[in-house]
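Just so it is clear: in the sequence shown, position 154 is 558 by my numbering, and no numbers are missing.
Among the hints, erroneous ones may be present.
What the hints assert, rightly or not - Derived DEER-like restraints, expressed as beta-carbon distance ranges:
| no. | residue 1 | residue 2 | range |
| --- | --- | --- | --- |
| 1 | His555 | Lys441 | 42 to 52 Å |
| 2 | Glu430 | Val573 | 23 to 33 Å |
| 3 | Glu505 | Gln433 | 19 to 29 Å |
| 4 | Glu505 | Ser481 | 19 to 29 Å |
| 5 | Phe572 | Val552 | 36 to 46 Å |
| 6 | Leu509 | Gln444 | 21 to 31 Å |
| 7 | Lys446 | Glu505 | 39 to 49 Å |
| 8 | Val545 | Lys423 | 26 to 36 Å |
| 9 | Pro426 | Gly538 | 22 to 32 Å |
| 10 | Arg566 | Pro426 | 25 to 35 Å |
These aren't lab readings, by the way, just hints derived from the structure by calculation. In this text, all values refer to a predicted model and were calculated from it rather than measured experimentally. From the three backbone atoms N, C-alpha and C, an ideal C-beta is built for every residue, glycine too.
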Amino acid sequence: HDYALHAQYFVGACLTRKKDYPAALEVFQSLITADAKTDQQKQLLDLAHLAIGRLYYQMDKTTESIAEYSKVTRSGSEFDAALYEIAAAYIKAKEMKKALEALDLLVLANPNSPFVPEVQVLQGNLLIRLESWGRATDLFVESRDHWVRVHQQMSQLLNEQRDPAAFFVPPRCASTAR
């Protein structure tokens, strides 16, 4: 059936929620051997690789976790999540340089990723641990300057708009939002 892979993923997610990690791992591992035909199924396989990586991470198997995260498709929508979680696994393994490299790759591969603001703070903290003071300072200053501008723009928009709810609710939704 078209949704067989989805159902299998859901079973793995339920087992994970029940903290039955070995059974969940088995379900997700059988899922990644499936032949994905549609883009949606291919994304589901990437999600299964992430799930396996997360399970290994929970089981303190960082090497296996990193290996599994590395199987996420580079052109897929989950690649930045995989890089972020690779960095977390490297941090858990106390390999700060490799964690920083994964985060650098994330920013390079997808500078518009929603992870970037948090990644920049994490990069700065890793640079401090690695005693790379100059690069850490530059990164923190650059990040601060960017977000100060965003804050100023938002403040200006909100000051110009007397009703913030009206500003954030699209006009066609305004009648149903109240």
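Taking the hints in turn, this is what the structure says about them:
1. His555 to Lys441: 42 to 52 Å: 46 Å, holds
2. Glu430 to Val573: 23 to 33 Å: Check failed, 46 Å falls outside 23 to 33 Å.
3. Glu505 to Gln433: 19 to 29 Å: Distance hint for Glu505, Gln433 holds at roughly 27 Å.
4. Glu505 to Ser481: 19 to 29 Å: 22 Å, holds
5. Phe572 to Val552: 36 to 46 Å: At 22 Å between Cβs, range violated.
6. Leu509 to Gln444: 21 to 31 Å: 26 Å, holds
7. Lys446 to Glu505: 39 to 49 Å: 26 Å, violated
8. Val545 to Lys423: 26 to 36 Å: Because 43 Å falls outside the window, the suggested range is violated.
9. Pro426 to Gly538: 22 to 32 Å: The hinted range 22 to 32 Å is violated for Pro426 and Gly538, with Cβ atoms some 46 Å apart.
10. Arg566 to Pro426: 25 to 35 Å: 57 Å, violated
Consistency note: the structure conflicts with the earlier hints numbered 2, 5, 7, 8, 9 and 10.
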